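**Q** Residue numbers (the numbering used here), protein chains in the order written: chain A, 1 to 310; chain B, 1 to 310; chain C, 1 to 310; chain D, 1 to 310.
A portion of the hints provided could be inaccurate.
Remember, identical chains collapse to one label, so a pair may be satisfied in a single copy or spanning two.
What the hints assert, rightly or not - Straight-line alpha carbon distances no greater than 25 Å define the calculated DSS-like cross-link-like pairs of lysine-lysine that follow:
| no. | residue 1 | residue 2 |
| --- | --- | --- |
| 1 | K210 | K250 |
| 2 | K250 | K147 |
| 3 | K250 | K144 |
| 4 | K210 | K147 |
| 5 | K210 | K256 |
| 6 | K210 | K252 |
No lab work stands behind these hints, which were simulated from the structure alone. Just so it is clear, the structure is predicted and the values come from calculations on it, not from any experiment.
4 protein chains.
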Amino acid sequence: MRRACDTGPQLNREIDMRVGFIGLGSMGLPMAQNLLAAGHELVVYNRTRSRADGLARSGARVAESPGEAAAGVEVLLTMLADDAAVEDVIFGENGALPALARGAIHVGMSTTSPALARRLAAAHAAEGQSYVAAPVFGRPEMAKAAKLWIVAAGAPEVLERCGPVFAPMGQGVEAVGAEPSSANVVKIAGNFLLAAAIEAMGEAFALVRKHAIEPARFLEIVNGRLLRSPIYESYGALIAAERFEPAGFKLKHGLKDVGLALEAGGEMAAPLPLASLMRDHFLSAIAWGWADIDWAALAKVSAVNAGLAR
Amino acid sequence: MRRACDTGPQLNREIDMRVGFIGLGSMGLPMAQNLLAAGHELVVYNRTRSRADGLARSGARVAESPGEAAAGVEVLLTMLADDAAVEDVIFGENGALPALARGAIHVGMSTTSPALARRLAAAHAAEGQSYVAAPVFGRPEMAKAAKLWIVAAGAPEVLERCGPVFAPMGQGVEAVGAEPSSANVVKIAGNFLLAAAIEAMGEAFALVRKHAIEPARFLEIVNGRLLRSPIYESYGALIAAERFEPAGFKLKHGLKDVGLALEAGGEMAAPLPLASLMRDHFLSAIAWGWADIDWAALAKVSAVNAGLAR
Amino acid sequence: MRRACDTGPQLNREIDMRVGFIGLGSMGLPMAQNLLAAGHELVVYNRTRSRADGLARSGARVAESPGEAAAGVEVLLTMLADDAAVEDVIFGENGALPALARGAIHVGMSTTSPALARRLAAAHAAEGQSYVAAPVFGRPEMAKAAKLWIVAAGAPEVLERCGPVFAPMGQGVEAVGAEPSSANVVKIAGNFLLAAAIEAMGEAFALVRKHAIEPARFLEIVNGRLLRSPIYESYGALIAAERFEPAGFKLKHGLKDVGLALEAGGEMAAPLPLASLMRDHFLSAIAWGWADIDWAALAKVSAVNAGLAR
Amino acid sequence: MRRACDTGPQLNREIDMRVGFIGLGSMGLPMAQNLLAAGHELVVYNRTRSRADGLARSGARVAESPGEAAAGVEVLLTMLADDAAVEDVIFGENGALPALARGAIHVGMSTTSPALARRLAAAHAAEGQSYVAAPVFGRPEMAKAAKLWIVAAGAPEVLERCGPVFAPMGQGVEAVGAEPSSANVVKIAGNFLLAAAIEAMGEAFALVRKHAIEPARFLEIVNGRLLRSPIYESYGALIAAERFEPAGFKLKHGLKDVGLALEAGGEMAAPLPLASLMRDHFLSAIAWGWADIDWAALAKVSAVNAGLAR
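Can you make the complete structure from the sequences, with help from the hints?
**A** Below is the structure:
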C-alpha cells in the first residue's frame, strides 16, 4: 500500500478550486471555514440553512439543494451524520449525483460504511465522475485548528487532485489505496481501537475503585509509565472525573461507529466480540439516557455495573 | 494517595543490606544480579538450584530452603510464578515465615492476588514482621537493564526502608498506599489494560485484513497519528508479523493474570466483561497449543475466528 | 393481549378464497401446496419459475411477476428469505403494492424485521390495503405436515378474514395484537431462545467432553430429568452426533435471525449480549465454511474453541 | 457409560444402615429427615447445632464435631455450601477423614468442583475408604418430597452399596461412571444449562417488553408451543412476575455454580463464553444488592440494562 506524501501547503495553496460542501455540522462547519480561508471558491449546502450564515458573510455561496451545491464544482465534499444522510443528498430528490459534472470528484469525508463507499464509487463511475473516501480523525477543536488526520482512498491521480482541498483542513493525509472503501475500513477500525481503550479504562477504573484506589493515580502509573498515549491520558482524565459534558463526540455517534465496525466485520465474516460487548454497553447507556453526552461515558457503564454509579 | 519520591541511587546505594531472594526465573535472576552488583549481601533460593550458579560465583550465598534464605536477612524478596508458589515458600515446609527475623520485611514482587497480599500482611504482622507488595512492570530485558517500574504498597516507613533494595532494580518506584494489596490491584489492572490493547489490535487487525488492508499500515496510521503508544507499537509489530517466539511473556501467564483480574473483580462484585472475553480467548489459545508462545498471540485467536489462520 | 381462538378447519374449509403466494422455497412450497389442497384458488410467483411446476400441475396459476400474483387476490402471502427480498417483491419493479386491490390483505409470513412490518403496514394502508405479519415456527417437514405454528398480528377483523388461509397450513394461530410488528418481535425473540438453547448445549457439551463424559449421556440426564424439552432433545441429538447435514435450517439463516434480534434490540436500546455472542460464533462458523449446514452447528464453534474439533 | 438401574425402594428399604450426615441447610435437613424416616440409624452434625433439634427428637444422634459424625458409620453424607466448607469438615480440626472407618464410604452430595472430588477420592483411598460424588438436582421442596435426582459417580460396587441411602432421598439415581469427579461435572454443566435458560429468557423478555409485548404471553407461545419445558415454564413465570422472593436458590449460589463451571472449563481449556457472560451479570446483581434473592433475578439484570428496571 502506498502512502501519499504529506500534502504540503506550499504545494497546493495557490491552486484555488471550485468546491462544493454539504453538511455544516460541528465538524463540517470549521472544515468549510478553513477551505474558504485558504482561498477556495465555496458553495455550501446544509439542511438547516442558518448554519451557513457565517460562511455566506465570508464569501461562500449558499445553495438551496444538494444538487445546486454540486453543480459546476470540481470537488464536492460531504460531511454528514451517517450512511442514510449521505444517500439522501447524493441519490435523493434534488440530489448531487445528476448535478455533478463529468470529471468532477466526490470526496466523502463522513464516517460511513465500506458498503456505501462501494455503492458510491459505482454510481459516480457510471456518471463519469470519481469517488474518493476521505474520513477524518479528530474532534471539532481539531477541525477548527486544521489538525485533522485525513485517511484517503481512491485512484492515485484523483487523490492527487484532492491535495489542495485536503491541505487546509488537516495536518496530513494518509492514503490507503485505490479502493475507496479501504479508507472507511481504516477509519472504522481506528474508532474501534479508541472505543476499546475507553471500554478497557472503564473496566479497569471500576476494578481499582472497588479496591479503594483512585483511577487518576492508577492511570498516572499505567499510562504515565507504560502506555504513554495522549489518547489514554485525555480520555482517562475525562473518565476519572466523570466529565462527560459538553460532548466532544456524542455517545450515540459512538454507537453508530461501533455498529459500522460490526457491519464491516459481518460482511467479511470477521467476528469482533469486543465490538459486540461495546455495542451492548452503548445500548445500555442509551437506555439510561446518555445518548447526547460524550462517548467516554461508555466507561461509566462499567461503573454502574459494579454498583459504583447509577 | 501519596507518591513516593523516586528512589534516587545517590540516596541509597551506600546503604548495603542483607537481602534474601527467592525465585530465580527469567525475571528474578536479573533482578538478583542487579542487587548483587549494587553491593547488597545476597542469599538466594531457587527450587532448581542450578539457576543460582552464576550468582554464587558472583558472591551470593545459595540457600537450601526458603527458610534458610529468610534467616538473618533484613529484607526478603520473592519473585515467583503465582499465589501457590508464594504460599509454598512462605507457609510450606522449611518455609520463610518462621525463619524470618522480627522486624524484617518481606517484599512480594510477584504478580499475585490482593487476597494473598492480605493473608501475607496478617501472617507477617503476627510474627512482628512487615509485608510490602511490590510487583513490577517490565519484561526480562527490562529487568536486566534495571528498567523495571516498581509499584509498591505498605506502611510508609517500611517502604522507605526498601528504597536501597528497589533502587538497583528499576527506574522508579510508584507508591500506592499503605495497604499492600493495593499494589497488586494496580499491577493486575495494569496488565489487564495491556492485554486489552492486544485483544483490541487482534480484532482490528482481523477486520482490516479481511478487507485487504495491511495491519502494519493500519497501525502506522492509528497508533502513529492518534494513540502514539510505544506499547501498541511494539505489540502491534509482533502481532502484524505473527512473531510470537521467543516468548517475552508466556501466554499461559497472561491467562493467569487475566484470571487474577477476574478474581479481584469477583471479590468486590466488579464485572469485567472484557477480561471475561480475553480469558475465553486465552483458553482457546491454550486448547490450540499456544501456552508457551508470547501472550501477544491472544491477538491470533481473532485471526483464527475470522478464518484467517488455523 | 388477546389470543385468537384456534382456527378450526371445520370453520373455514368451505370458504375458498383467491390467494396469491410469493416465494416457493423449502418452506413456501409445501405451504402453497397445502393451500391448494384445501381448495383455495392459487396464483403463485417465484423467481426461479421451475419451483412452481408441481403447483401448476395441481391447478395453480403461475404468475410472471409479483404484481401479477397480487392482482385480483383477496389475500397475498409472501414467504421469502429476508427483508430485502420482501421489499423487492412489494416495492420493486412489477411489484405487488400497486397491483393489489383496495381492501385486499398482504400477509407477510417471512421472518423479517419489525421495522419492515411498520413500513409495510404504512404503505398498504396508504393504498387502502391491510397488512398482517404472520411468521411461522416450524421446519420444512412441519410445513409439509401442516404443523406450523403461526404467530399473527394485525387488526382483529383482518386477522379473522385470514383464518381460512391459516387453517390449512398450521396447527394453530397465536394472535399477538393489532400492531403487525409484534408478530415479528415474537418470532425473532422465539428464534433467539432456540439459538440460545443450541449455544448453551454447545458449551455444555464441550465442557463435559473435555472431562471425558458423553454429551448424549449428559443430555439424557439434564434434559430427560429436568428440562424435558423436545427441542433440546432433537437439537441435542444432532449436536451430540455432529450431524449437521442435511440442513433443516441453514446456519446462514440463523445468523440472519440473530441479526434481526440485535437490530430489534438496537432500535429500542435493549442490549442482548447473548445474541451478540451468538452472532460472533455464527460469523466464525461462516468464516470456517459452514454457511449451508444446519444452524445446530453453532454448537460446534464451542467444540473448536475448546480444541475438540477443527 | 453405564446407567444404574433405578434404586427401587423395595430392594433397599429393609437394609438399614448406620449413616452420618453433615450439613443441615435447606437441602440437607429434609434429606436427613427422609433418611431417618426410612429407618436408617442417623448421626448428624451441623455447625449451628439448633438446626439438628428436630432430627434429635425423631431419634437422630447429634454429634459435636464432623469427626464424631463420621466415627462408626458405614456411609457419611456431606451436603454443604461449597468446596471450602467440605474441605473444612473433612480435612479440618476434628475432621471426618481420620475418624471414618476403613471400608466406609463418603458420599459428597454438595455442588462442588471436580478438582475437590479428585482430592477427596485420593485422600479417602489413602485411608482405605471410598469416595462417591453424588450431587443432586432439585430445590428444597423437592428434597422434602424425596423427589431429588441424584447424579452419582464412583466405583460400581461402592455405588451399589449406596443404594439404600439414595433411595429414600430421590426419585432416581443417574450413575455417570467410576470417576467421582464426573458426577460433579454433570451437575455443574446441568446448572449451567439452567442458568443459560434464565439468562436467555431475561434477554428475550427485555426485548419483547421494549416492543410492548407481555413476557408471559410471549412465553406461552414459545414455551407452550415449542420448547415445552417445565423449567422454562416455572422460571419464566417467576421472571415475568419479577417474583424473586422467597429464594428457592439464592443468586449468590448461582454465582458460585457458574464459577464452578468456569473453573471446570478452565482446568481443561474449554472456554464457556456464555458462562462468562452470566458471571458478569451475576456480579452486577450482587453489586446491586440481590445476593439473597432467587437466582432467577439473573434475568432482571437484562431488564436493568435495557432501562426497564433499576
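**Q** A separate judgement is required for each hint: does it hold in the structure or not?
**A** For each hint, the structure was consulted:
1. For a Cα distance limit of 25 Å, the shortest separation of K210 from K250 across copies, 23 Å, qualifies, whereas the shortest one inside one copy, 28 Å, does not.
2. Taking the closest pair of Cα atoms, K250 and K147 come within 25 Å of each other only inside a single copy of the chain (20 Å); across copies the shortest separation is 40 Å, beyond that limit.
3. Proximity of K250 and K144 under a CA criterion of 25 Å is satisfied intra-copy only: 18 Å inside one chain copy versus 46 Å between copies.
4. In the homo-oligomer, the alpha carbons of K210 and K147 never lie at most 25 Å apart, since the shortest distance is 39 Å inside one protomer and 30 Å across protomers.
5. Taking the closest pair of Cα atoms, K210 and K256 come within 25 Å of each other only across two copies (20 Å); inside a single copy the shortest separation is 31 Å, beyond that limit.
6. Proximity of K210 to K252 under the C-alpha cut-off of 25 Å is restricted to the inter-copy arrangement: shortest distance 19 Å between copies versus 28 Å within a copy.
The earlier numbered hint that this structure contradicts is number 4, and it is the only one.
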